[in-house]
Each structure stands twice: as C-alpha cells, then as structure tokens.
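J.: On the provided structure of chain A, position chain B as indicated by the hints.
There are 2 protein chains.
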Amino acid sequence: MSQTPVVELPAAVDVINIGLPLFESALRDQGRPVIGVDWRIPGGGEARTVAALSRLLGPQAARIDQANAEVLRRLNDGVPLLVGIDRAGAVIPGMGERDILHCGPSIAWQDMPDPLQRSVRAAVVAEGWAPDVEAAGQLVESGDVRLAPANEHRTVVPMATSIGPSAPVYVVQNELGGVTAYSSINQGSGAVQWFGVDSDAAIDRIRFVRDKVGPVLAEALSNHGPVDAFALAAQGVPMGDDVHMRVQATTNLFLRDLLPYLVRGTHPATAEVATFLSGNHLMFLNVAMAAAKSLVEWAGEVRESSIVTTMARNGTTYGVRLAGSGDDWFLAPSPPIQDALYYPGFGPETSAPDIGDSAVLELVGLGGPAAANSPAVAGFLGGRMSHAIAATRSMQRICAGESPRFRLPILDNVGTPVGVDVRKVVELGITPAVNTGIIHATAGTGQVGAGVAWAPIECFTDALLDLDRRLAPDA
Amino acid sequence: MSQTPVVELPAAVDVINIGLPLFESALRDQGRPVIGVDWRIPGGGEARTVAALSRLLGPQAARIDQANAEVLRRLNDGVPLLVGIDRAGAVIPGMGERDILHCGPSIAWQDMPDPLQRSVRAAVVAEGWAPDVEAAGQLVESGDVRLAPANEHRTVVPMATSIGPSAPVYVVQNELGGVTAYSSINQGSGAVQWFGVDSDAAIDRIRFVRDKVGPVLAEALSNHGPVDAFALAAQGVPMGDDVHMRVQATTNLFLRDLLPYLVRGTHPATAEVATFLSGNHLMFLNVAMAAAKSLVEWAGEVRESSIVTTMARNGTTYGVRLAGSGDDWFLAPSPPIQDALYYPGFGPETSAPDIGDSAVLELVGLGGPAAANSPAVAGFLGGRMSHAIAATRSMQRICAGESPRFRLPILDNVGTPVGVDVRKVVELGITPAVNTGIIHATAGTGQVGAGVAWAPIECFTDALLDLDRRLAPDA
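Chains A and B supply the protein sequences, listed in that same order.
Taking the working numbering, I'd label the letters of the first sequence as residues 82 to 556.
Taking the working numbering, I'd label the letters of the second sequence as residues 82 to 556.
Only chain A is shown next, with the shape it has when bound in the complex (with noise of 0.2 Å):
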C-alpha cells in the first residue's frame, strides 16, 4: 500500500531575508535569528533603466572604468590655489556687463523660487540698474538683465546668491588641469542675500562685501600669495570639518594665515572687514567651492565617464552633468531637506527646497563624505558620530574611488570617497547625501535650519539613460 509522504517541519530554520525587511522583522520580533540582506531591485526596475545598466556595468564597463580613472585623477590630484580676488565681469568667461550669475541650472525668472527671485532683485539694485526692489523686478521680467547659471560659467555660488559683474570673486587657480574657477565671496550671517533676502539691510550687505570685504582681502591675499586651499580643507576635515555645513576650522586656519597680512592691511576698510572676518565661521565655504570647481570642470572634459562632474540647484530644479555629458544638463525637482534641524517656530512646510551649487563639493571628497568626521553634521542627523559616519558610508557605495588629501581619522584615516558614479546610484538607488542650509520658502527671512538633502534619483536615471545613448555602436 502507498504511504502517504510525511513532511518534517525542521526544528529549528535560519533565515536569511534578502530586499524588503518585512520578513526580517517579523522574524526578529519574534526573536529569531535571521540575517537581513539590503537588497532593492536595480534601476528601480525599470525595464529600460535596467537595461542600460546591464551594459554599462557590463559590456561597456571596462571602457567607462578607464574613463573614470582619469576622471578621479584629476578630481584627486589638482592643487586649486586661491590667488586673488577681482571683478566678476572682469574675469569671469562669457560674463557681460548687463548679467546676473545665479546658483543651479538654467532657469527662467518666472519659475525663480521666491528666495532666487529676491536674490536677483538684491543683486539687480546693489549693481545700481534699478533704484528698488519693485523697480528690479520689473527690470528682470522687461528681458533687460540677461539670467545665466553660474555653473556655466566657470562659477559656483552657495545657496540663494546670485552675482552681478560687479561683485568680486575668488580667483582660484588649477594649473594642472589649466582652469580657472570662480565663487562670490561669503556673505555671513543674518539678513543676507545668499539665504534669499532682499532686505536693505541685505543689499549693504552685499556693497558692502564688494566695497569694503573685495578689496581687504584681495590686498591681503596678495601680500600673501596663493593659497592651497585644500591643504587648508586637508587640515580642517580631521578638526571636524566636513568643508561644507561646517567650514569653522578651515575658516580659522585660512584666517591665521592671512592674519600677518590683514595687520598690515593698508585699505581704510581693513579694521571693519577684520570684525566682519572675525563673526563668519563660514568665510572659507566659497572658496572650497571654487576650488571644487576648479578641479570638476578639468573632469568634466574627460569622455565617456559615468562620473557626475556637475550638480547644483537653483530651488526649482536640480541639475546634473556627468564628465563628458557637455552642456546637457539631466533635471528633477528640487527636493526637500530630510534630515533636518530648524530654528524655533520653522520647519518643512515653510522652508525653500534644496537650492545652491555648494553641492560641488560633495563631488570631490567634501561635505557629505566627509560627514564622517565632523560632530557638527552629526548634530542634524541624530547627535552620535554613528550616524555622521553612516552618511559617509552611503557615499562610498555610490563613489568610484577615495581622497588621497581628505582622510578620516574616526575611520583609520580612510580618504573621503570621491567621484559619484552614476551606475551606482542608479544600481543602488542611492543619491548623494548633501549637507546644507535651509533658507524660508517665501517670506524672504533668511535662514531657518540646515541638515542633510537626498537628491533626486531621476536627473542620476536620465544620465545615466544619456551615457548608455552616447556609447551605443551606432551612436
């Protein structure tokens, strides 16, 4: 006679849950031992997304590799030096005298957020072609002030700032890679442009800075000499810098190495803009930006990398360009800042989306990748140092190599991962964690927080969609 089969339930399973924790969890509330495998479907399962990664990463790889190689090593061995400081329409390339520079990528006044709107407005009175705020606006919508994005031109500018060629400008030199970059001058702290208000108090903010700040500092640096100013960055991230959200060691390091010069400063301004100096933590920001520009634009020349070599906001949109993309630029909205502290009485719903070009610095080693290090950025993601270096950790997955100047002490002085690989932000679904202010949406109040911006997978999708076009055999 046929036996019916007996199946044996074993006493005891291990698990090991492979994408979605569901499983893992049920399992280990029940106190089970289970081995949890973070795992997400490539290319969120887009069929086409999936498709183009599996050349990229497949057939195609080894050429992109190379590609990337040379990418890192000018993102690694470029030395920007800060040389001095001049007119931005007279050295900055392509930038004509009726021209506002704005951060991220090419957008028309009308779709300006409120903060971007007010920064050009700011900048349109304190260039003297408009008499007011109202008068500036009307200005900018007749079509007589040209808008262009600043990264197009050599230039990058942190949060809301827009520059007219009046302003002055850092002037930092890549003699390797031949260029030249450009960033305004920080602002500090309060009613300020660059945080999207257009106060009269923000506008003498910035006369001032071009009046009195420009030339102090110019004088100064050039009594000094060139500045390396990511030696400079190099000594500030093991003080817990990351170079981006917080520039207070660097900013000091820079300033006792211009404080011989700053004594002996002849212009009349020198002992005003040495108390100015003196009250702005964030003074070298700009000009790690500039130096990041310096150092993504000579990458941004190689071919066929899968490198991003551009990324930068403008409160509407967020841009990005790879090494070889060109002028294309691959758009998304611009996102909200996740993880966040606010002031007191602030908080998402009245805070501007993710605006500025600062985010360059995430693209060589800085910022985000050097979270790590930094108890400051620990502060907006959770306070433990844990967590600072779980977002370092989340850019060494996306990032195709590491720093060999910026170096982590917390984590055995491993270098800061550099280099944003498209494939493996789009494979892995993770976007570069960006460490940044938060300015208010619409009330022109400045800043109300700062913490840490996700950015969107889509502008890395459609690049990386752009990439798989442009190596295609019959492409």
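It should be emphasised that the hints constitute simulated quantities derived from the structure, not laboratory data.
Glycine included, C-beta positions come from ideal geometry on N, C-alpha and C.
Fair warning: there could be bad hints in the mix.
[Unchecked claim] In silico contact screen, one side only, chain A against chain B (beta carbon under 10 Å); selected entries: (1) V115; (2) P319; (3) N494.
[As the list claims (entries may be wrong)] Sample of chain B residues at the chain A side, in silico, Cβ under 8 Å: (4) P319; (5) M320; (6) N333; (7) L334; (8) L336; (9) P341; (10) V344; (11) A459; (12) G463; (13) R465.
T.: Okay, now just chain B, sitting in the frame of chain A:
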C-alpha cells in the same frame, strides 16, 4: 572492596584568567577560549599601602567622597577668565625682584637637570642680571638669585620654562573661587628657552616676548575684554585638541577672537607680533594652563580629599599634592616619556625626563583625559583613534568624575574624566597619562619629540599614605 575514585577530565574547559595574563596568552596561542580579567594586587601588595587603602576605601570612604564632591564642583564649575597680561614681579603673589620661578617642585640649582639650568641662565641674562650665560650660572651658584617653584606662587609654566620678574604673564581670574592664577606667554618653536635652550637666539626670544608680544597682546586683550578660556577649550576639544599636546584649534579660535583688536593695535610691534602669532600653534597652551591652575588652587583648599590638585615635574623630580595636603609635596624621580615619536636622529637615550607644569591640564579634564577625540594625539600613540580612546579610558578608571564642559564626540559626547583620585591610582596601579613634549637631555638644542608620559606611582602612594595619616582618629 573499595574502589579507586576516577577523576574524569572534562572534554572542554572554559577558563577565566584573573591577573597576570601569562596563562591567558598561552591558552589563546593554543586557540582555546579564555576570558582575561585585568586584575592586579591592590597597592602593589605592599602591606602598609593595602591597609591604608582598606581604610580610605572603607570606613573613611564617605568622608573622602564628600570632600571629593566639593573638589569636583570647584574643578568643573569655576569659570577662568583671561583678563589681561601683566609684569610677573608686579602681580605674582610673593614673587620678589630677584626671583626666578621655575617648573616643577622645589629643587636646588645643582640638582636641576641640564635643560632647566640652561633655562634659568637664559632668564637671568634676559633680566639683565648677568652679561652672558656663564656669568648667569655663577650668579645663581653664588646664591644671589632666589629659585622658587612657580606652582607655589599660583603660577604654572610649561616644559623647562623659568621666568624672572620682568616676564609678562597671563592673568586668569576664577571669580567664583576668588583665585587669580598666572602663566608665562608661549615662546613658540625653534631655539627657545622653554625647551631648555640658552642660546643668544633663545634669550632674544625671551626679550621679544617681553618687549613686544606681551604689550601687543595686552592691548588687544584690554580692548577685547575678558576671554572665557575654557569656553574656547570646550570648542577646541571636538575639533581635535586635547588642549595640551595639540592646541591648534583652540589657538585659532583665540586668534580669531583677537583678530579685530590686533588689526586695530597701536603698538609699533603689532605687525611683527601678528606674524609671530600666526606661526605659533601652541599659543593657547599657557592660557589653558593658567586657567587650570586657577581651578586646582581653589579645589586645593578643600580638606580631606583624595583628589590630586598639583602634578608637576622639574625634570629631576615629579611632585604631586592632594586637595588638603597643603604645602607638602610627594616626590618621585621624573620618568622618561614612554610612548613617543622622535625627530630623526633622536631617541630615548638623548631625551630629558618628563618636565614642566603642564600636567595641571590633566587634572581638569584636558590632555590625556581628552585624548580620545584627538587625531594628533593618536598619532603619538600608534595612529588609530582607538589608541587615543584607550588613553582616555585609562584616565576614566582613575578619575572621580567627568567634565560637564569638555565633551568627546567620538565617545557619544561623554565628558572627559576629571579629578584624579589617588585611591584609584594606587588601587589599580594606573597613573595619569600626560601628553607632553620631549627635549634634549644635555645638548641645549630644544625639542626632540613628543609623547605620552605615565606618572610614577611612588608619589601617589606617598600622598595616599599621608592622607591616611591625616584622617587617622588620633591625628
């Protein structure tokens, strides 16, 4: 019939090794599981010491703990303010016009180590009491100059420093404690007296500090107003300073605060001094020491405490005092510096023993207690942050409390250990780890390295026995 009992050896043995790790190591080498318990015979097993410990940790413990709580309150609550710079002979209590104050416990001229003799000779020449160092030596030998420990005059001086009455000193007020303390002004690097150099250049530097650095800093401080020394140090610790061996971040914060006042300086030497300040990353060391001294002097007035409030070395002897032990020092030979990095061509054989008053910092939560967060200190201990953390952990084991102001991000913002308890030191056989510089033993050529010195146990044992005597019912 009786049966011979059979002892069955178990198939597997779990071992806990208590004390000397020889057995533990042997088992580990054989791949056997073993738990090691770090235990030593308390007080080195010396009967008199063990008996004293039994009383001080037993029947007398409550009385001592009460005193220690008051000592900790004073060490942690006092707010040392740097209020100015003045002439040593004019402000240091009990300092006469023919006095030289030196580091460490009291010591006769002939017993001073070579670097301290050189230092005293250089100070005598700088005072104008002798035309050259040879004549200065004869003058001191003749008894015409009084030598006294700075520590007994509310003053602390780093390394082999000695000061005459014309030296400018930092004046630090602890208003809560009604204590004012003093320290010399740091002389910077190179051929300098505080590293035991008596060359013409070193004597010139003493005069430069007296005639230029002192007056310029005094003017800047006067215009700035009081500086909260430990508020700056509390910012410096998360920036990688232990505020002893590494003081760069705190020095830069200090200079940034003074910047506007230095730029406005009217003293003719302001520019020259600014160049000196810009190049001296140890500038804040002496300020921190005076601040620490203003706290331990106050705490030292508490009676019947087991907490160390003086720890200083003259290069020949190492001396400690407890809160309540009054003018009595407990002495031991000054040890070599154990964990050290040397300049090329130098080593332990050419190095002077541990010297200077800077160990006062280790009594208030800086230096060794703050090592954990300092990549620079880690560099002297093996390179990894885990090595620096171990130094802090060893201080945690022998301290009675922790600092509410100096916090260690790498250890989830725990306060640094404060209040070295001589009972724990003697019970565990663990002495304080002091982060310090190393100078040449005989050549008068200055610094040859830096490292971590462990204090000798003997002076702590003697201090413990004295406390036991003082607390005895019939005492």
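J.: Which of the stated hints cannot be reconciled with the structure, identified by number in ascending sequence?
T.: Violated hints: 1, 12; rest satisfied.
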